[in-house]
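S.K.: Now for the letters of each chain:
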Amino acid sequence: MNNNAQKFQEDAARICADSTHRQIIGTALDKYAQGRDKKIAEFQNWEQARESAAQIKQEGLDDMEALLRTLTKKLTKRGTHVYRAPTGADACRIVLNILKQNGAKTMVKSKSMTSEEIHLNEALEKEGYRPIESDLGEFIVQLRQEPPYHIVFPAMHLTRYQISDLFQDKLGSEPTENPEELTMIARKNLRREYVQADVGFTGANFAVAETGMISVTENEGNSRLSASLPKIMITLIGIEKVVPRMQDLSLLLPMLATVGAAQSISCYNTLYSGPRQPDECDGPEEYHVILLDNGRSRLAKDSTFREILRCIRCGSCINVCPIYRNVGGHAYNATYPGPIGSVLMPRLFDLQTYKHLSFACSLCGACRDMCPVKINLPHLLLKNREAASTTQPKFFEKLAFKAMSLLFNKPFFWKWGKRMGWIGQKFHPLIEGSVIDPAQCWTATRKAPKLKWKSFKDLWKKHSK
Amino acid sequence: MNMNTAPGFKEILSHAETEYQAMIRQFAVKSAELTTRFFHLFGVEEVVRTLKTLAIQEKWKSLASHHTTLTHSLVDSLNLPALWTDSGYATEELEKVDASITLCDAMIAQTGSLFINSRTCGGRALSILPPHHIVLATPEQLLPDLPTAYQHMQDKYKDNYPSMMSLVTGPSRTGDIERILVLGAHGPRKLTVILVEKLS
Amino acid sequence: MISSVFFLMAGYNSFLNGLDTQYSSIGTFEMKITLFAPCFMDAMFPDVAMNAVKIFESLGHQVDAPEELACCGQPAFNTGYWDEARNVASKVVERLYDVEALVLPSGSCTAMIHKFYPELFKGHPLEEKANRLAAHTWEFSDFLVTRLGVTDLGASFPAKVTFHDGCHGLRELGIHDQPRALLANVRGLTLIEMERVQCCGFGGTFSAKFPSISSSLGESKVAMVMKTGADYVVSNDSSCLMHIQGVADKQRKLIKSIHLIDILVRHE
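Respectively, the protein sequence lines represent chains A, B and C. Just so you know, we're using the numbering used here here: the first sequence kicks off at 1 and counts up by one. Just so you know, we're using the numbering used here here: the second sequence kicks off at 1001 and counts up by one. Just so you know, we're using the numbering used here here: the third sequence kicks off at 2001 and counts up by one.
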């Protein structure tokens, strides 16, 4: 077992045993689920919406390179600088260059999971820059120096009391149990940063090829501030986010809000096509759009896995995942936790490093049923497992399955195997659940079911005579 | 599946009213859910009275807007210091105002949303930085649903789009602390929409 | 009375099947049903499978149970060892591909054959046979309700029960209403639904690879079952029941689990 897998086992076991933590997550997710189901019910035809959304995103993937060319052409025409970053390191370098060229020091960031994926903050800090997260949840986890807990709700694992303590400690604010007051403390702190920041940085949810626009969804308004006040604006966006038409947004945006945050539509859905234009009174002087590949174009060519690029990062698979509900967001130790991450992490990065995530799933399929773009997540997890076990089989596991084939395929072995097991079980209670129990992985937390001396096959033989 | 045979988005999305009075009703209901304050007023005189009341209630000391005939007549009648973003402004000044008044591109009944843009609504910051954003709309701007609204923006701007177009739905909000709704995370804490009917 | 309703429904159903070309050979009411008791059921819950035999026979069908087959190959398949899975599954396909109807008293194993065999044997010499078998494979409750049109077996079981949907049955096969339709006709039985539909945490080899996660899911399931105040937790999947019972017993929580089939033969 590699270190990552070992750490996952330990962290997961620890958090699973923490009932307070489980309760916080459970309450948050239940609250979300109720709201989400209400919003889904408002659609005249939710199933058709999923079908159409999947099709739009698939269309975007099938024609990705051509659409990206159109997007780039249109953005450039309006004075936007467009870059294509093959890797995360390339994207970080591009951001750094923009900062250097403009003598910038501070950068206000609005929420971007893609920037988490490429570890942009670390890269900037290493060069002496100060990236400031402005999304409230991101702001909180940045103060705690930890990664987001969830791709949509970064601070869902914290109570207002913990946040109050954190603000008291890091910002010197007065303690309060009122979420509104806590929000206002963050607002006040960040306003200062906005007015002073040299660069505003945003993630993005979609790119519209037809009109050459970047679509950013948010509720707080921090992204819009990042795009209004600083003199330079940068957007980092994965290349798979391109959709053909502006009209596609009229379906995708309400769906994203519905399953992502249990809203009919998010508060601000903004389209950016360039820097401040001659007939406009404000806005950034420069607009830079970085199109991040980082393994995506390779995935787009993979006939099995390409559908994972339809993902719109709504987090709905995470919200319905019983594993996530129990182990929480940090145990995964991955940019993208939950079902999406368990498929994506081994594919975008290293299969062997992240394969344990694909196995850490009971294949219940709840994620697939909720996915707004109909990604068959459990199937892709199975394909990851197959790839992992084919390329680097575990010796004893493979041996065990070979032995099992023999056991299952030879009636004699099967019959006597069961009986030996029956005899063995007579002595089992002596060691059941202990470290020397060969079935410890089951019996440490569960009672073992009892084998019967007369199996169905025996009963059937007697019956059919 | 072919796009041509697929049901249109209007048949998939949530129900949207199409008749004028019903659209107003739907916009009002959605606004209530979103905590947007919605006024349906007749003539500029009613708008002035409404704004004056708001100014007193909220103790406005100054406000910001952009140059149009309508905004001029409203701001003048309020008798408060005003900042005009399209005449050039300092961020620090805009940050101090108590309210902003802008026009919009469209109102959407289905979701209680508005379309605003950076060219004809006083720039990018005017509608996001001040604590109270007041939007003025006219009857022909009230549209039934999102597909119509996006089509409207495409028809209106063709290939000459403003650098920013924002679909605004309710005042700024967050649920990042225990998923409890808090208004005014970074953007305006209050959003007021005024649909102004012309007096014949 | 009950049996006459049943005969009417079954008759109507076989009439419908007569219209279906795939089943045009089934002109008569009597079917030859092949019952495959999955490995763990064979070894640990033999009575459930025997009760399934009894139900089919009481309905006038002929039952066969292949003695030389033990497992569908799902454990190896789910763990990524598809060669080893095929090794076991090939034998199932060769032996059963031409059956009239294959019925399994387990949603999970049914899903393996019905849903995953076609993928496992894609491009394999057995592909065609695997596809044929997949098309004739049914989960028990689905077979009774959808194929035979039977929802009332005259059972009575005066108890409060809650139903656990096995995930594979629920989401791979769309089985939700079928077992509930059967339970609705059990005299004296009251069904109380749990607050949430959620996996019990078993997941096959997952339960052994990630025991802490698996059992914490099991714990939440046990809590949900307890909250309903039901006397029994019922399922159409013995593997889930085995897990729920195992967790409950370890924690000394009083939960009684029972397979749907075992209720359908009760006359109390």
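Please keep in mind that the hints were generated in silico from the structure rather than gathered at the bench. Wrong hints could be hidden among the right ones.
Claimed, not checked - Subject to a maximum C-alpha distance of 25 Å in a straight line, what follows is the list of computed PhoX-like cross-link-like pairs (lysine-lysine): (1) 450(A) to 2250(C); (2) 1156(B) to 73(A); (3) 461(A) to 447(A).
To be verified - Computed from the model, here is a short list of chain B residues facing chain A with C-beta under 7 Å: (4) 1055; (5) 1071; (6) 1075; (7) 1085; (8) 1111; (9) 1123; (10) 1124; (11) 1140; (12) 1142; (13) 1163; (14) 1169; (15) 1172; (16) 1182.
Just so you know, even glycine gets a beta-carbon here, dropped at the ideal spot from N, CA and C.
S.K.: Under the criterion of a CB-CB separation shorter than 7 Å, is residue 1111(B) in contact with chain A as hinted?
M.R.: With a minimum Cβ separation of about 5 Å from chain A (threshold 7 Å), the hint on residue 1111(B) holds.
S.K.: Against chain A, is residue 1055(B) within 7 Å by beta-carbon distance?
M.R.: Status violated, d = 23 Å.
S.K.: Taking the closest Cβ pair, is residue 1172(B) under 7 Å from chain A?
M.R.: 4 Å, holds
S.K.: Tell me if residue 1123(B) is really an interface residue toward chain A, meaning its C-beta lies closer than 7 Å to one of theirs.
M.R.: 4 Å, holds
S.K.: Residue 1163(B) was flagged as interface toward chain A. Is the shortest Cβ-Cβ separation under 7 Å?
M.R.: 5 Å, holds
S.K.: Let's test the interface hint: is any C-beta of chain A closer than 7 Å to that of residue 1124(B)?
M.R.: 4 Å, holds
S.K.: Restraint: residue 1071(B) near chain A, CB-CB cut 7 Å. Satisfied or not?
M.R.: This hint is violated: residue 1071(B) lies away from chain A, its Cβ roughly 14 Å from the closest one there, beyond 7 Å.
S.K.: Just to be careful, I want the Cα atoms of residue 461(A) and residue 447(A) compared with a cutoff of 25 Å; is the pair within it?
M.R.: Violated, because 30 Å separates the two Cα atoms, which is more than 25 Å.
S.K.: Can we keep the residue 1169(B) interface hint, with Cβ of chain A closer than 7 Å?
M.R.: 5 Å, holds
S.K.: Is the hint on residue 1182(B) kept, meaning its closest Cβ partner in chain A is under 7 Å away?
M.R.: Hint on residue 1182(B): holds, closest Cβ of chain A at ~4 Å, below 7 Å.
S.K.: Once the shortest beta carbon distance from residue 1085(B) to chain A is found, is it less than 7 Å?
M.R.: Since the shortest Cβ distance to chain A is 5 Å, the answer is holds.
S.K.: Does the interface hint hold: is residue 1142(B) within less than 7 Å of chain A, judged Cβ to Cβ?
M.R.: 17 Å, violated
Hint violations for this structure: numbers 3, 4, 5, 6, 11 and 12, all remaining hints satisfied.
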